[in-house]
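Chains as they are written, first to last, in our numbering: chain A, 83 to 844; chain B, 83 to 844.
These are calculated hints, taken from the structure and not from any lab test. Any given hint might turn out to be false.
Which copy is meant is left open, so a pair is good if it fits within one copy or across any two.
Stated by the list, open to error - Quick list of in silico lysine-lysine cross-link-like pairs, DSSO-like style, CA-CA up to 27 angstroms:
| # | residue 1 | residue 2 |
| --- | --- | --- |
| 1 | K652 | K164 |
| 2 | K479 | K830 |
| 3 | K652 | K159 |
| 4 | K414 | K239 |
| 5 | K481 | K656 |
| 6 | K757 | K263 |
| 7 | K656 | K164 |
| 8 | K263 | K220 |
| 9 | K101 | K113 |
| 10 | K656 | K479 |
| 11 | K176 | K164 |
| 12 | K830 | K748 |
| 13 | K492 | K203 |
| 14 | K113 | K342 |
| 15 | K91 | K497 |
| 16 | K636 | K164 |
There are 2 protein chains.
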Amino acid sequence: MSNYKILGKGIPRIDTPQKATGDALYTADIKLPNMLVGKVLHSPLAHAKILNIDVSKAKKVPGVKAVITRDDTFGEKWGVFKYTRDHQLIASDKVRFIGEEVAAVAAVDEETALEALDLIKVDYEPLPAVFDAEEAMKDGAPLIHEDHPNNINIHVKIDVGDVDKAFEKAYLVREDKFTSKDEGYGMLEPYAVIAYYHSDGSIEIWMPNASPHTKAKALSNLLHIPLNKVIVRRPTIGGAFGGRSDIFPLDFITSLLSIKARRPVKVVYTREESMICTRQVHSMVMYAKTGVTKDGKILAQDIKVIMDGGAYSSTGPIAASVPFLVWEETYKLENVRLNSYRVYTNKPIRGMYRCHGRAFLGGLGMQLDMIAEELGIDPVEIRLRNALNPGDMQATKSKIYSCGLKEAIKKAAEKIEWDKKRGKLPFGRGVGIGANGMMCGFPMGIRGGSSCFVKFNEDGYPTIISGVIDNGQGNYHAMVQIASEVLGVPPEEIHIVAGDTEVTTLDVGAYSQAAVLVSGNAVKKACEDAKAQILKLASEMLNCSEDELDIENKIVFSKKDKSKQVPLHKVIRKGLIENRHVMGRGHYMPEVSNDREWVKNPVGQQATTFSFGANAVEVEVDTNTGEVKIINAVGFHDCGFPINIKGVQGQYEGSIASGGVGSTLKEEHIFKDGKVLNADFLEYKIPTSLDVPENVYADAVITNDPKGPFGAKEAGLFGSMNSFQAIANAIYDAVGVWIKDFPITPDKILKALEEKRLKDEG
Amino acid sequence: MSNYKILGKGIPRIDTPQKATGDALYTADIKLPNMLVGKVLHSPLAHAKILNIDVSKAKKVPGVKAVITRDDTFGEKWGVFKYTRDHQLIASDKVRFIGEEVAAVAAVDEETALEALDLIKVDYEPLPAVFDAEEAMKDGAPLIHEDHPNNINIHVKIDVGDVDKAFEKAYLVREDKFTSKDEGYGMLEPYAVIAYYHSDGSIEIWMPNASPHTKAKALSNLLHIPLNKVIVRRPTIGGAFGGRSDIFPLDFITSLLSIKARRPVKVVYTREESMICTRQVHSMVMYAKTGVTKDGKILAQDIKVIMDGGAYSSTGPIAASVPFLVWEETYKLENVRLNSYRVYTNKPIRGMYRCHGRAFLGGLGMQLDMIAEELGIDPVEIRLRNALNPGDMQATKSKIYSCGLKEAIKKAAEKIEWDKKRGKLPFGRGVGIGANGMMCGFPMGIRGGSSCFVKFNEDGYPTIISGVIDNGQGNYHAMVQIASEVLGVPPEEIHIVAGDTEVTTLDVGAYSQAAVLVSGNAVKKACEDAKAQILKLASEMLNCSEDELDIENKIVFSKKDKSKQVPLHKVIRKGLIENRHVMGRGHYMPEVSNDREWVKNPVGQQATTFSFGANAVEVEVDTNTGEVKIINAVGFHDCGFPINIKGVQGQYEGSIASGGVGSTLKEEHIFKDGKVLNADFLEYKIPTSLDVPENVYADAVITNDPKGPFGAKEAGLFGSMNSFQAIANAIYDAVGVWIKDFPITPDKILKALEEKRLKDEG
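I would like the entire structure built from these sequences, with the hints used as guidance.
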């Protein structure tokens with residue numbers, strides 16, 4: 083595969099033993115001396131003015147150490163951009179959804195905290211509420227934030243080329259509407275926060291998260307504590323999926339409780355609280371009008387999107403444009419228009435999630451198949467005809483440096499035996515394909531980069547210190563493998579200190595597919611810096627030039643004369659004694675247009691580089707029950723170069739379960755008047771091991787990206803995003819019905835089959 | 083005092099709030115999930131063969147999770163030098179003192195652990211024991227380590243010049259014997275260890291210590307775990323005084339318990355265990371023969387020392403030469419001989435302590451007064467005549483770079499009103515003076531240096547990451563002040579991460595007076611490195627040369643034109659965005675002769691530089707009770723330049739209490755057949771606040787050392803070491819008796835007064 087020493091091979095992950103033995107400590111597992119238990123009072127109303135909060139009785143309960151409300155804040159609000167700061171993280175003037183945090187108590191035990199919670203009296207004046215995004219946009223709908231007319235949180239507008247003129251030239255124009263319902267994240271680890279305020283003015287905080295430095299920055303702003311005193315620690319994390327990438331009310335509330343009580347406080351959210359009070363996934367309505375040439379080339383596209391954002395902006399301003407960005411990363415779009423609205427409703431807050439792909443990418447991928455059918459073109463072929471190539475420029479002007487999209491599509495088709503099966507399987511069986519591009523890192527200004535320190539102990543074993551975080555996807559292992567390749571030290575002998583904001587420098591976080599590209603490049607640079615110091619010292623010991631030296635298995639040796647060698651620890655010791663101690667440092671800032679607009683006509687490089695993937699599935703539809711079973715799933719991912727092929731394969735396996743079975747076929751939050759009726763794992767169905775397809779095959783497409791560390795790009799997200807269209811398209815191939823509303827549940831299939839039967843019978 | 087912005091001023095320490103509020107967590111305070119309680123079985127015999135250890139019954143007690151004995155070790159032994167590794171840290175073939183660790187249990191609670199401990203059956207074969215060092219050296223004494231004839235652990239031999247010939251030329255020769263009894267350390271924090279072994283093969287460990295990297299190195303050797311997986315964490319530490327500078331059996335035992343139980347284990351030693359099973363202070367017999375010229379110049383000196391080392395070497399090989407090193411750092415010694423024996427006895431292990439000054443430095447300082455009296459020279463004058471000068475070379479060839487010894491002596495004399503009081507106060511009152519030099523850092527090879535990383539958050543607040551440790555003396559604050567001076571950031575806005583071996587690089591530790599010189603220089607270098615990066619970036623923003631820029635209060639400004647300025651955080655942000663993130667690093671290795679011998683005729687630079695101090699006291703002796711009260715204590719310390727004058731003064735105040743009142747007048751361990759009879763604070767008398775002199779005055783003598791950071795040198799130890807001689811000499815001035823055996827307790831004074839009375843009466 084390559085002549086790397088360590089990279090590309092499938093190596094068991096360094097963090098496997100802890101997870102397998104139960105040794106790993108998640109936030110809820112952590113105990114601190116004198117720790118209090120915190121509990122939060124949530125709003126029972128979807129929309130109401132708060133007239134009064136009376137905590138006097140709660141405070142008097144013996145064992146209660148702190149009660150906090152809106153009166154305990156600096157009044158700062160939070161949002162990812164300065165102009166979207168709409169959330170005070172504890173209700174002030176109004177409550178805006180059922181579950182919103184209104185007050186909190188810290189006490190010596192859970193019973194005492196709950197008793198005190200019951201004694202907090204909140205006087206509300208109920209207000210009319212709205213629970214549907216399109217309803218909320220209508221004139222006269224109840225205003226959730228008074229300064230946002232028609233409840234429009236964000237309106238992203240993109241207009242490239244001349245869309246209307248291009249439609250005129252089109253051979254075929256299709257208009258479709260696709261929708262996706264409210265969805266949850268289904269992290270197995272419930273949300274939990276521990277905060278520990280110290281008398282030197284510093285605060286330590288533990289919580290599952292996708293970017294400790296983002297948490298720290300938000301808390302620094304909200305609590306008026308400088309960043310070097312906001313210490314976000316690194317627990318083991320049980321999943322993030324985009325949904326743990328910004329600040330949550332509980333982070334702030336637990337901090338306030340600890341500051342007030344002057345003791346550590348732990349709050350572990352119940353499953354219900356975790357599902358309602360952290361983040362949910364946007365539901366979406368998408369109207370897609372697409373014009374193509376006779377041979378299936380996309381000429382014009384006009385897309386309107388309405389995303390239900392819930393009560394506050396959260397990461398919404400980004401979420402509103404991301405689905406489009408992914409789409410333009412995949413296909414050549416010369417004339418394209420997007421109007422994307424993120425709309426406030428009186429529902430829980432919605433956050434980033436897998437590029438919000440169900441209705442948008444799933445829908446556009448289905449529409450491509452529909453167009454192909456009308457034109458008599460094979461779905462694989464239409465994708466190949468529109469797919470981007472290396473060197474191409476995207477609609478909003480991002481250059482593609484490496485691109486294995488076509489190779490991925492072809493290989494997926496071949497592996498699933500497309501030509502043998504498409505349209506040729508018995509009724510009830512079908513195959514479908516999906517393809518996507520994916521950005522590696524966003525323009526996030528100073529917050530988009532990463533740094534790394536490397537230190538050596540005198541026995542020659544290194545430690546890498548990086549702000550990168552791992553939510554389960556294998557980032558720590560990837561960093562160690564990169565360090566291993568550079569330093570010539572076996573992965574198991576490298577220690578990594580990651581995430582902890584006290585000792586690591588600013589890192590973008592494990593979202594927008596940045597970890598391997600951004601944090602990985604920083605680790606690589608720091609290790610190269612250390613290696614140069616090592617080779618310089620060794621060249622003096624071996625009387626030769628640094629250029630002829632390399633390191634393998636902790637031995638520095640001459641590539642010209644292998645008998646010339648010295649153990650690494652002796653080189654380190656020489657550096658120590660001679661006042662030239664080996665200390666590596668490296669910083670990487672992605673090559674993006676940091677002044678690129680997010681909301682109005684963005685132009686410029688939106689990511690350093692892009693990965694690509696294709697995904698083909700074979701499904702079996704039970705026409706009696708409407709149940710869909712995935713028989714085969716194959717994925718080919720242009721991840722540039724796989725740091726650890728097992729990691730790439732593991733990501734695809736997880737994606738097929740979570741994005742394929744879960745998001746595409748099952749997952750949906752049921753609401754009644756703004757109340758989530760299934761905020762638990764009994765009623766909210768995530769796939770279990772029994773639901774996962776037995777035959778899953780994944781491999782890498784290698785393009786050796788010029789920007790990635792050792793040619794590597796993102797390797798995680800494609801499997802989910804492609805599943806929506808691949809499965810929907812396979813269902814059509816199997817039983818001839820299009821389900822345009824996600825999730826594609828059995829009832830919808832049965833209903834469509836019935837409608838089809840009635841129509842066919844004429 | 084200087085034109086420094088931050089240095090030299092008296093600033094409250096950054097760690098004061100935590101200690102004042104009780105927020106600081108000592109090891110015993112720390113709680114971990116699933117933590118077990120450990121208990122240790124100690125030997126009841128002073129010397130015995132172990133025939134058998136039966137743990138079968140203990141293992142069966144429900145709730146017992148691990149039982150360990152000699153069978154659970156790799157058989158590695160520990161000692162500070164390779165050739166002094168005599169201690170397996172859990173008894174193997176023999177026990178060698180009452181209290182030696184024989185087995186240990188980890189269980190779910192203390193009661194269960196104690197119950198199991200009772201069920202461990204150890205069969206001993208008692209052996210004859212020896213409890214006196216001079217007895218132990220005699221032929222035929224029981225051998226404690228079979229390979230050490232006459233129980234001699236270490237024999238340090240120094241012979242400079244021609245001692246015998248010089249004695250022939252002497253005008254006066256005196257021979258005296260001085261002794262000091264067994265002493266404890268009296269740290270208020272009992273010894274405690276928490277160990278937490280993880281399934282990735284790493285181990286976290288917490289304990290009070292004076293050098294986390296030394297602990298890590300020892301545990302790495304003993305447990306066969308690489309250094310980057312031996313993570314010594316940083317708790318708050320309640321004192322070290324030299325006695326927590328190497329590895330203890332409990333460190334190793336707790337680690338073994340955790341490795342075996344696969345759970346975290348905490349062992350908190352009782353006061354008795356803390357006193358007996360960690361370290362004690364060497365008792366000493368010193369024979370000093372000194373020849374002087376008529377005008378009091380030391381011509382020749384022949385010193386023989388016998389130190390009772392207890393059962394194992396510990397830091398003994400160093401301890402055996404240190405008192406002499408301090409002596410040669412103080413006075414010109416052209417012809418001098420030392421024979422220093424550290425001898426094994428069946429007593430608890432003895433470690434480093436304040437240069438072991440009672441009998442040695444106290445004794446030589448008393449003998450100097452005796453000689454002065456015989457020659458009719460004033461004690462102040464005889465010190466001035468013999469004191470070293472800047473540029474001088476010591477006996478074993480260390481160069482003196484800066485030296486304020488004479489100034490310190492003169493100022494102390496002046497401040498105590500020497501000329502008005504010496505010999506002129508009423509009977510029962512007297513004044514005395516003492517003076518000493520002090521090495522700053524030892525030659526310790528690669529372990530003698532320190533490194534530092536500096537990172538910046540985007541708000542412009544820095545964090546310094548240093549291996550330095552603080553046992554209470556103020557090292558963290560000193561580092562922050564140094565960083566503050568370089569970086570132009572107020573001390574309270576700088577965060578320090580220190581000690582933790584996972585994230586910091588090798589550091590010498592807080593002993594041999596290294597912290598300010600060694601760790602401080604590393605911090606300074608790292609901050610200077612960061613500052614250079616900052617000024618480069620700022621020069622581009624302000625269109626001027628880097629040379630004209632400086633930083634104050636987080637503003638970078640032109641010294642030529644103060645209107646040219648930019649806030650530090652903007653400079654940091656520019657670095658981030660331009661891929662030139664400010665990351666400072668620095669390493670400092672002291673300028674010493676790293677090949678200097680420790681045991682046989684050491685020659686070469688023994689420390690980078692030396693500090694000096696003088697100490698004068700006025701005492702009142704109650705001739706009815708024998709009680710000594712210190713009326714006034716004044717100290718002048720050539721610490722080069724005081725980083726924080728309050729810190730220097732605080733060290734002196736503590737020294738007068740601990741070294742002056744405690745070591746000189748009170749503290750002594752009472753033994754019976756190898757058993758410590760007073761291993762508690764009821765019977766072992768340390769001074770309380772009521773015993774501390776009311777009038778204490780301390781100030782710095784400024785010599786701006788060329789090697790120290792901002793001219794600074796050691797600032798802690800002189801007050802104790804000088805107290806022994808100053809107080810003993812003051813007692814002589816007050817009541818005319820010499821007490822040559824420390825501590826100088828009331829009974830000894832009364833007995834001496836009685837003898838004097840009888841003698842005077844003829």
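Status of the hints after comparison with the structure:
no.: 1; hint: K652 - K164; in the structure: between (52 angstroms within a copy, 18 angstroms between copies)
no.: 2; hint: K479 - K830; in the structure: neither (40 angstroms within a copy, 93 angstroms between copies)
no.: 3; hint: K652 - K159; in the structure: between (54 angstroms within a copy, 23 angstroms between copies)
no.: 4; hint: K414 - K239; in the structure: within (19 angstroms within a copy, 85 angstroms between copies)
no.: 5; hint: K481 - K656; in the structure: between (46 angstroms within a copy, 25 angstroms between copies)
no.: 6; hint: K757 - K263; in the structure: within (15 angstroms within a copy, 78 angstroms between copies)
no.: 7; hint: K656 - K164; in the structure: between (51 angstroms within a copy, 20 angstroms between copies)
no.: 8; hint: K263 - K220; in the structure: within (20 angstroms within a copy, 91 angstroms between copies)
no.: 9; hint: K101 - K113; in the structure: both (19 angstroms within a copy, 22 angstroms between copies)
no.: 10; hint: K656 - K479; in the structure: between (51 angstroms within a copy, 25 angstroms between copies)
no.: 11; hint: K176 - K164; in the structure: within (21 angstroms within a copy, 71 angstroms between copies)
no.: 12; hint: K830 - K748; in the structure: within (11 angstroms within a copy, 90 angstroms between copies)
no.: 13; hint: K492 - K203; in the structure: neither (63 angstroms within a copy, 73 angstroms between copies)
no.: 14; hint: K113 - K342; in the structure: both (19 angstroms within a copy, 22 angstroms between copies)
no.: 15; hint: K91 - K497; in the structure: within (22 angstroms within a copy, 75 angstroms between copies)
no.: 16; hint: K636 - K164; in the structure: between (49 angstroms within a copy, 24 angstroms between copies)
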